[in-house]
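Novice: The chain contents come next:
Number of protein chains: 2
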Amino acid sequence: MDARNRIEQALETAVNRAAGSEAPPKLSEALRHAIFPGGARVRPRLCLAVAKACGDDTPDASNAAAAACEFLHCASLVHDDLPAFDDAEIRRGKPSVHRAFGEPIAVLAGDALIVLAFETLARGAACAPHRLPALIMIVSRAVGMPSGITAGQAWESEPVADLQVYQRAKTGALFVGAAMAGAAAAGADPDDWRLLGERLGEAYQVADDVRDAIADTEEMGKPAGQDSAHDRPNAVARLGLPGAVGRLEGLVAGAIAAIPSCPGEDDLRALVVAEAQRLTPKSLAQSAA
Amino acid sequence: MDARNRIEQALETAVNRAAGSEAPPKLSEALRHAIFPGGARVRPRLCLAVAKACGDDTPDASNAAAAACEFLHCASLVHDDLPAFDDAEIRRGKPSVHRAFGEPIAVLAGDALIVLAFETLARGAACAPHRLPALIMIVSRAVGMPSGITAGQAWESEPVADLQVYQRAKTGALFVGAAMAGAAAAGADPDDWRLLGERLGEAYQVADDVRDAIADTEEMGKPAGQDSAHDRPNAVARLGLPGAVGRLEGLVAGAIAAIPSCPGEDDLRALVVAEAQRLTPKSLAQSAA
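Line by line, the protein sequences are chains W and P.
So this note's numbering is basically just the index in the first sequence, starting at one, shifted up by 370.
So this note's numbering is basically just the index in the second sequence, starting at one, shifted up by 370.
The set of hints was computed from the structure by calculation and includes no laboratory data.
Among the hints, erroneous ones may be present.
Because identical chains share one entry, a pair is satisfied inside a single copy or across any pair of copies.
[What the hints assert, rightly or not] Calculated lysine to aspartate or glutamate pairs in the DMTMM-like style (CA-CA distance at most 25 Å, straight line):
#1 Lys464 - Asp578
#2 Lys464 - Glu528
#3 Lys396 - Asp601
#4 Lys396 - Asp561
#5 Lys396 - Glu473
#6 Lys396 - Asp532
#7 Lys396 - Glu526
#8 Lys396 - Asp456
#9 Lys422 - Asp457
#10 Lys464 - Asp562
#11 Lys464 - Glu399
#12 Lys464 - Glu645
#13 Lys396 - Glu619
#14 Lys422 - Glu526
#15 Lys396 - Asp597
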């Protein structure tokens, strides 16, 4: 089965269990709305690609790690879209969860997805329980305090924030988590994969800043111009547009260089290159052509 | 060290690690505000009491399980107090987290506390990693979908909800989780402790409904009359006040009867009796005297 199918199946299985017939219907529907149909699934694909590069000897554990990363990513989107944060009306081209189901259900959907991530890890690691402690620690660090996603979002409420610290926490941490969880799920040393996650995460954030500044809402599937509208620290404001684009190119090259020598390195390199192309706004690609 | 000290120390250690000097200051302060000073810490005390009754051979794991239950309880309070839910101004006699720190930080505080619960379990079970899968599953079921706290809160958004299903999820599930996690942390069979958790949880919920109906805000440390103001299903509306008080007494007796025969059963019985006294509103106790 290819990576995309493995990811969708792992997500389906977990969501079906959480949102069964005995569950409250609106929250069940909100969980499905938040997860399906997906975006690029870039974090779980990174997770599985690293697991594969490390031998992928327990696919259940790798699938669970990939699904957990996606659940946590989606949870952060649902909460970040709330009126108290970005007040976003659309996400992935459809109404945000709070627009579709109301604010209480959106708060609870994020909460339930965080819990589901950890539950999914515990179930998936049943065949390799000695890998579970590392998986839980890696994933917790990626999303919790002091330097995971929640910390990143919280820096937006501070009068002064270091751009790099903010972006590493808000975006980079879960890329690091996805890469390291893929290694841990396959029984490899997660630390060998930290640098790849860091560089990919920063590349993704810079690309998002560039897209937010120049792309249109339709192309992004979410409102453009949010960083400037919310006066959030971002790479375009700091480096200018050409500087940010140059930084993005350097980070992609750095990510490729950070791939450890391993049997799956060609596949990983192809994944990084494809992501870099996907993340470049069409208008930039056209003007460069 | 007595149970209260073990709990406070476990909470302190985990919060200090999450809210260190590199963390965003407001969210760090909000985590402390949400956790300290505590309420009755009834869930972690139940967890430790069960662990003790089961031999408590790995106190680090029991302390972690107790702290995890309290973090999850506090996370649910922080989110339940949000404007989209109860819009509560006070909690434990001081401003609710969103009143003190704003809504974004309150949403993130709940999220970070959920993550911290799982991280704390993984750290605490380092000396007994084979117990971690059961601990994660027990705790996930207590707070996630389809029948944990998030499900319970979500039933409030449904046009029709079964009172028992709603209350079991919103309140009972974490009592069940606390009792079962205490057993799992000590290497005992968690299922032997489910019934005690169920009965205590229901007793606690009925007591809360009674207090909400007749106690005053000062005595409760949070606004009274919320069930009626929000038209929420509750035991007093369903059974009348005398019926609800009778139900509470029956549940306390049932909880005592559900304690398995074990070396620590006297201590557990004393805990249940003391809780029942604490939960009876002063006006009821006076009128009965």
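Novice: My question is about Lys464 and Glu399: at a cut-off of 25 Å on alpha-carbon distance, are they close within one copy, between copies, both, or neither?
Specialist: For Lys464 and Glu399, only the intra-copy Cα distance (14 Å) is at most 25 Å; the inter-copy one is 36 Å.
Novice: Which holds for Lys422 with Asp457 at a C-alpha limit of 25 Å: within a copy, between copies, both or neither?
Specialist: neither (38 Å within a copy, 48 Å between copies)
Novice: With 25 Å as the alpha-carbon cut-off, assign the pair Lys396 and Asp532 to within, between, both or neither.
Specialist: Classified as between: cross-chain Cα gap 15 Å, same-chain 39 Å, threshold 25 Å.
Novice: Given identical chains, is Lys396 near Glu619, meaning Cα to Cα at most 25 Å, within a copy, between copies, both, or neither?
Specialist: Neither, since 43 Å and 35 Å both go past 25 Å.
Novice: Checking Lys396 and Asp561: alpha-carbon separation at most 25 Å within a copy, between copies, both or neither?
Specialist: Answer is neither: 40 Å inside a copy and 30 Å across each miss the 25 Å cutoff.
Novice: Using 25 Å as the alpha carbon limit, work out where Lys464 and Glu528 are close: within a copy, between copies, both or neither.
Specialist: between (30 Å within a copy, 23 Å between copies)
Novice: Check Lys396 against Asp597 for me: Cα-Cα at most 25 Å, and say if that holds within a copy, between copies, both or neither.
Specialist: between (31 Å within a copy, 21 Å between copies)
Novice: For Lys464 vs Asp578, is the C-alpha pair at or below 25 Å within one copy, between two copies, both, or neither?
Specialist: within (19 Å within a copy, 40 Å between copies)
Novice: Between the shortest in-copy and the shortest cross-copy C-alpha distance, which are at most 25 Å for Lys396 and Glu526: within, between, both, or neither?
Specialist: between (30 Å within a copy, 10 Å between copies)
Novice: Using 25 Å as the alpha carbon limit, work out where Lys464 and Asp562 are close: within a copy, between copies, both or neither.
Specialist: Classified as neither: same-chain Cα gap 38 Å, cross-chain 47 Å, threshold 25 Å.
Novice: At most 25 Å between alpha carbons: which applies to Lys464 and Glu645, within, between, both or neither?
Specialist: Classified as within: same-chain Cα gap 23 Å, cross-chain 49 Å, threshold 25 Å.
Novice: Have a look at Lys396 and Glu473 and pick one of within, between, both or neither, based on CA distance no larger than 25 Å.
Specialist: both (12 Å within a copy, 23 Å between copies)
Violated hints for the displayed structure, listed by number in ascending order: 4, 9, 10, 13 and 14.
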